[in-house]
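So the chains spell out like this:
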Amino acid sequence: QVQLQESGPGLVKPSETLSLTCSVSGGSITAYYWSWIRQPPGKGLEWVGYISHSGGTSYIPSLKSRVTMSIDTSKNQFSLKLSSVTAADTAVYFCARHHPSYGVFDYWGQGILVTVSS
Amino acid sequence: DIVMTQTPLSLSVTPGQPASISCKSSQSLLHSDGKTYLYWYLQRPGQPPQLLIYEVSNRFSGVPDRFSGSGSGTDFTLKISRAEAEDVGVYYCLQSIQLPLTFGGGTKVEIK
Numbered sequence: 420q421v422q423l424q425e426s427g428p429g430l431v432k433p434s435e436t437l438s439l440t441c442s443v444s445g446g447s448i449t450a451y452y453w454s455w456i457r458q459p460p461g462k463g464l465e466w467v468g469y470i471s472h473s474g475g476t477s478y479i480p481s482l483k484s485r486v487t488m489s490i491d492t493s494k495n496q497f498s499l500k501l502s503s504v505t506a507a508d509t510a511v512y513f514c515a516r517h518h519p520s521y522g523v524f525d526y527w528g529q530g531i532l533v534t535v536s537s
Numbered sequence: 002d003i004v005m006t007q008t009p010l011s012l013s014v015t016p017g018q019p020a021s022i023s024c025k026s027s028q029s030l031l032h033s034d035g036k037t038y039l040y041w042y043l044q045r046p047g048q049p050p051q052l053l054i055y056e057v058s059n060r061f062s063g064v065p066d067r068f069s070g071s072g073s074g075t076d077f078t079l080k081i082s083r084a085e086a087e088d089v090g091v092y093y094c095l096q097s098i099q100l101p102l103t104f105g106g107g108t109k110v111e112i113k
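Line order of the protein sequences matches chains G and X. For what it's worth, the working numbering labels the leading residue of the first sequence as 420, then goes sequentially. For what it's worth, the working numbering labels the leading residue of the second sequence as 2, then goes sequentially.
The hints are simulated quantities; they were obtained by calculation from the structure and are not laboratory data. It is possible that part of the hints are untrue.
Unchecked claim - Simulated pairs of lysine-lysine, DSS-like, Cα-Cα distance not exceeding 27 Å:
(1) X:Lys80 <-> G:Lys462
(2) G:Lys483 <-> G:Lys494
(3) G:Lys462 <-> X:Lys109
(4) X:Lys113 <-> G:Lys462
(5) X:Lys80 <-> X:Lys36
(6) X:Lys25 <-> G:Lys462
(7) X:Lys80 <-> X:Lys109
For reference, chain G alone in the conformation it holds in the complex:
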């Protein structure tokens, strides 16, 4: 059974960089695409971007200038960096795997709440 686990600081100061890692267990990170999705408290879901096993990426245009995703196949992990954060970036951040056939998210992490505050 594939499991995903987000990790990183739960509190980030405004203007600093949010850094999260998703650790994948129970399966290989290779041959799949991996996404980050976020959810502000009490609000809906927003796809942030994806990274492929080979490192190809696509980001939502509204965040593209501030987002970087990377993948470490040796550690079975992938990461999200979001720079110059503001309170609007406060959200639960989920990592998720793309189903190999259907293309959308089949396995998700439990999510990590990141609060942007001084």
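The hints should help you fit chain X onto chain G, whose structure is shown.
Only chain X this time, still in chain G's reference frame:
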């Protein structure tokens, strides 16, 4: 970006009764490969979303057959034939025909 609009915003359902959620997209989700890239998720309280329906009408592994999806082009519907207590949560539609991937705003379902 493709805008996904869900109605209603919330729904209260009696156990055993049907429920229906609508999702409309600002552009057709029918691809030239013949597939329609519309999906449904359920997010139970305190949980990550889980995939219910893929490509409009196909139930994902383990999803009860009381859930069904239908529609075409830009208009889609998720139906619960007989609501159960475990169906409470927020339902989201999602399109993947075009980047960025976009979700509907969600429909909150409560069971009376």
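Quick rundown of the hints versus the structure:
1. X:Lys80 <-> G:Lys462: With a Cα-Cα distance of about 23 Å, the restraint between Lys80 of chain X and Lys462 of chain G holds, given a limit of 27 Å.
2. G:Lys483 <-> G:Lys494: 26 Å, holds
3. G:Lys462 <-> X:Lys109: 11 Å, holds
4. X:Lys113 <-> G:Lys462: With Cα atoms ~23 Å apart, Lys113 of chain X and Lys462 of chain G stay inside 27 Å; holds.
5. X:Lys80 <-> X:Lys36: With Cα atoms ~20 Å apart, Lys80 of chain X and Lys36 of chain X stay inside 27 Å; holds.
6. X:Lys25 <-> G:Lys462: Cα-Cα ~19 Å, so holds.
7. X:Lys80 <-> X:Lys109: With Cα atoms ~14 Å apart, Lys80 of chain X and Lys109 of chain X stay inside 27 Å; holds.
Taken one by one, the earlier hints all hold for this structure without exception.
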